[in-house]
Amino acid sequence: MSVVGIDLGTTNSVIATVRDGQVVVVPAAHGGYLHPSVVSFSADGLKYFSREGVARRIVDPKYTVYSGKRLIGLSFQSKEVQKAVSRLPYELREGNNEQAVFVGPDRTYTIPEVSGLLLGYLRQCCELFLGDTVTGAVITVPANFNDAQRRATIDAGRIAGLDVLRVLNEPTAAALAYGLGQNMSQRIAVFDFGGGTFDITILQVEGDVFEVLATGGDTFLGGDDMDTALLNILAELFRAEHGIDPRTDQAAHARLLIAAEQVKCHLSEFPEARGELKNIAIGDRGEQLALRFHIARNVFETSFRGLVSRTIQTTQEVLTSVGLAASQIDEVIMVGGTTRVPLVRAEVERYFGRPPRTDLNPDEVVAWGAAIQAENLAHAGENLANQAVLLDVTPRALGIAVAGGFSERILDRNVPVPVEQTRIFTTSADNQSTVRIQVCQGESRRFDENVPLGELELSGIPPARRGEISIEVTFRVDTNGILRVRARDAATGAVREAAVNVRGGMSDLEVAEAVERQKSREGPVDDTLLPDIEKLEEEINELGDLGDIEELKD
Amino acid sequence: MTRQTPEQLANFVRQLYGKLDQLSYYELLGVSSATPLTDVRNAFYRMSGDLHPDRYHTLADRELKERLETIYARICEGYRVLTTPEKRTAYARALQEGKKRLTSTDRESRAPQSPEDTIGHEEAKKFFRLGILSLGRKDFKGAVMNFNFARSFEPQSAVINQKLGEAQAALGKPGGPGVK
Numbered sequence: 001m002s003v004v005g006i007d008l009g010t011t012n013s014v015i016a017t018v019r020d021g022q023v024v025v026v027p028a029a030h031g032g033y034l035h036p037s038v039v040s041f042s043a044d045g046l047k048y049f050s051r052e053g054v055a056r057r058i059v060d061p062k063y064t065v066y067s068g069k070r071l072i073g074l075s076f077q078s079k080e081v082q083k084a085v086s087r088l089p090y091e092l093r094e095g096n097n098e099q100a101v102f103v104g105p106d107r108t109y110t111i112p113e114v115s116g117l118l119l120g121y122l123r124q125c126c127e128l129f130l131g132d133t134v135t136g137a138v139i140t141v142p143a144n145f146n147d148a149q150r151r152a153t154i155d156a157g158r159i160a161g162l163d164v165l166r167v168l169n170e171p172t173a174a175a176l177a178y179g180l181g182q183n184m185s186q187r188i189a190v191f192d193f194g195g196g197t198f199d200i201t202i203l204q205v206e207g208d209v210f211e212v213l214a215t216g217g218d219t220f221l222g223g224d225d226m227d228t229a230l231l232n233i234l235a236e237l238f239r240a241e242h243g244i245d246p247r248t249d250q251a252a253h254a255r256l257l258i259a260a261e262q263v264k265c266h267l268s269e270f271p272e273a274r275g276e277l278k279n280i281a282i283g284d285r286g287e288q289l290a291l292r293f294h295i296a297r298n299v300f301e302t303s304f305r306g307l308v309s310r311t312i313q314t315t316q317e318v319l320t321s322v323g324l325a326a327s328q329i330d331e332v333i334m335v336g337g338t339t340r341v342p343l344v345r346a347e348v349e350r351y352f353g354r355p356p357r358t359d360l361n362p363d364e365v366v367a368w369g370a371a372i373q374a375e376n377l378a379h380a381g382e383n384l385a386n387q388a389v390l391l392d393v394t395p396r397a398l399g400i401a402v403a404g405g406f407s408e409r410i411l412d413r414n415v416p417v418p419v420e421q422t423r424i425f426t427t428s429a430d431n432q433s434t435v436r437i438q439v440c441q442g443e444s445r446r447f448d449e450n451v452p453l454g455e456l457e458l459s460g461i462p463p464a465r466r467g468e469i470s471i472e473v474t475f476r477v478d479t480n481g482i483l484r485v486r487a488r489d490a491a492t493g494a495v496r497e498a499a500v501n502v503r504g505g506m507s508d509l510e511v512a513e514a515v516e517r518q519k520s521r522e523g524p525v526d527d528t529l530l531p532d533i534e535k536l537e538e539e540i541n542e543l544g545d546l547g548d549i550e551e552l553k554d
Numbered sequence: 001m002t003r004q005t006p007e008q009l010a011n012f013v014r015q016l017y018g019k020l021d022q023l024s025y026y027e028l029l030g031v032s033s034a035t036p037l038t039d040v041r042n043a044f045y046r047m048s049g050d051l052h053p054d055r056y057h058t059l060a061d062r063e064l065k066e067r068l069e070t071i072y073a074r075i076c077e078g079y080r081v082l083t084t085p086e087k088r089t090a091y092a093r094a095l096q097e098g099k100k101r102l103t104s105t106d107r108e109s110r111a112p113q114s115p116e117d118t119i120g121h122e123e124a125k126k127f128f129r130l131g132i133l134s135l136g137r138k139d140f141k142g143a144v145m146n147f148n149f150a151r152s153f154e155p156q157s158a159v160i161n162q163k164l165g166e167a168q169a170a171l172g173k174p175g176g177p178g179v180k
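Line by line, the protein sequences are chains U and C. The numbering of the first sequence is the working numbering, which starts it at 1 and goes up by one. The numbering of the second sequence is the working numbering, which starts it at 1 and goes up by one.
Calculated directly from the structure, the hints in this document are not laboratory data. The C-beta atom is built at its ideal place from N, Cα and C for all residues, glycine as well. Treat the hints loosely; a few may be bogus.
[Said to hold, decoys possible] Partial list, computed: chain U residues near chain C (C-beta under 7 Å):
1) 209
2) 323
3) 381
4) 389
5) 418
6) 433
7) 436
8) 479
Just chain U, same shape as in the assembly (with noise of 0.2 Å):
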C-alpha cells in the first residue's frame, strides 16, 4: 500500500510518491511525466484521458473536459464559469446547488466527477508502474483556493476512490521539496504561474520548519492565457491569409490551440518561430487550408506582456502585505511551467534583483513535495528524521451577512492555521426565531462585494426583544484550509454546526453515489488502460497532418 503525491493542474498533472526515501516521479503513458488533464467521453461509455483526451480534442471537442481545475468547486453563475462557459467548446450547465455540471454524451458530470476519473486514472497509471495499490494521496490546490475548491478537491479524490489525506497549498508543497534536509534559515518566495492560475506566496524556513508568512494569487490567470493570445495571433495570421476565421470552427480552433501550446514552447527557448500547419480548415471549392507562420518572440511577449505584469503586481501587493521588500527576499523559487517564459522569468528577476532558482523541475516540484508530506502524514507519530512541519495560513478573509447588507468579518486573511474564533451576535428583529448565517470570503465591508460561499440556519430562537439574544459563531479553519461553522444560542445552548452548505457544491448524497458508480467500474488493472495512442493519432491524421508543427524551425 503506497501513498502518493498529486499535483491536479489546470493544464497538466504530476503522480509523485516516495520509494526507499527518494522521490519518485511516475512516468505519463506516453513518455514524459506530465500527464495532461483532459478527460475525454465517447458515446459508447469510454473515457480517454491523458494524451488520449488531448488527442480527442480535436475529434470530439464537444465531449473532451479540459481546464477542469478552473471550474472546480464554483457555483455555475460565477464570473470565472462564466467566462469559461463562453470559451470552452465543451457544454456546461447548470446542475443541482447552483453546481456546473459538464453535459456528456450519456448523462451530465460533476466537476468533481470529471476530476475524479482523471485522478481516478492517475492512480492507475501509478499503481501499473509501482506493482501496488495506491490508497491515500496528498493533492495540492493553489494557496487561493477557496473552501469550496478544496472541498471538491476532497470530493474529487473520494470519488477516485482514494483517502484524501491532505488538500496541500502548491507554493508550500514547492517549498519544501526545495528546502526539506537543507537546514535554510531563509525567507523565500514562491512565484508559481501555472496553466491556469498565478500565486505568490512568501515562507520563513528554519530548519524543518516552513511557515507562510502570506499568500496571494489570481486562480483565474495562467499560461492558457498565453496560449490563447498566441492563439489568436496565428489566427489572424490564417485570416489574413485566407479570409476565414479559424476560431469559428471548432476543430480548427482546437488544432490551433495545440499549435499555439507547442509554439510558446517553441518560443520559450528560440527567438521566433517558423511552420506550417497544415488542414486548418476546409476552404471555399473544399480544398485544405494551411497555415504558414513566423512569429517572433517579441511580437508573441507584446501580446502577454500585461499579464506579466499583472503577476509582479500582485506579488507586490503581498509583500506590502507582510511589510517586506523585495530586496528582503533571500530566495526567489520558479514553479509551473509558464515561468519557462523567458519574459517571465526577466521580469522576475528584475523585480526581485537576483536570479530566480530553477534547479528543480518547475512542472513536478509541486508533485514532489506532495509525495514527501503524504508520507510525512502516513508515518506521523513515527520519529522520522527531517520530518517537516508546515504552518498555513487562510487565503481570504472569511466573514458573515448582517443586517444592513453588511459583511462582518470573523477572519482575517493571512492567519496561520487551524485557527478557531468565535463573535456574539444579536437578533434584528423582536420574537426572531431563526437567523441566517450567510458565510462570504473576501475583505470588502458590504456584503454583495464578497463571494458568497453558503449559509446555515440557526431555527427554535425563544421569543425575544430584538437584541436580547446572544447569537455565538464560531468559524474554525483546519490545516485543509477548510471552513467549518457553529452557530450556538447561548441561552438555550441549541447548536447548528455544519459545514456551510456550500453554493455550486456536490451533497454528500451526491458524493456517495459517484463514489459507487466509479468503484464498480474498477476491476483489475489491465492493459487496455494503456492507450491506443497510435490508432487515435492514424485517426488525427487523416484529418490533417500534425507533424509539421513538430519541426518549428527558428
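With chain U fixed as given, assemble chain C onto it according to the hints.
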C-alpha cells in the same frame, strides 16, 4: 516535551484543554512579556514540532485529535498576537482587564441576517413572519396559508418559496396532519 506513549499524550491534552481559557498567551507559549519577537517565533516553531495536527494524522481517537487541534489553534492565535507589535500592545491592555484572549467577547450590536431581510414588501414580510411562527407551533396548515399570502405580495422571493416548500412537505408527511 516529546511524549512517548498515547497515555501520556491523552493526559497532556486533558490537562491543557481543561485550563485553556485560564492561560495567557505567554503561559501557553512559555514566554514572557519581555521575550523578543524572534524568540517567540522560535518557541512557537518548537511547539509546532510537537503539537501540529500533522503529527497526529494517524491518531484514531477523534475527540483527542479535535482537542489537540483546539489547543494548537489557540497556540497559533497567541503566536500571531505576540508577534504583531500592535496586537501585542493591545493584548497587554486586555491582560490588565483580566482577559486572556485578544478577541472580542462583546456582543455585536449588529445581527446576522434574518431570512425576512431579503423580502422587500412589508405585507409579504408580515405574513412571512406569521408563517415562521406557525411553523414554530407546528401548525403546518397555518404556515402554508401564511407563506402563500406572503407569496402573493412577492412571488419571486426565494426564502418565501423555500419556507412554503418546507411547510407543504411537513403538511404532506405520512402520519402528519394530512392535507385538507
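Review point. For this structure, which hints from the list above don't hold up?
Key: Per hint list: single violation, 2.
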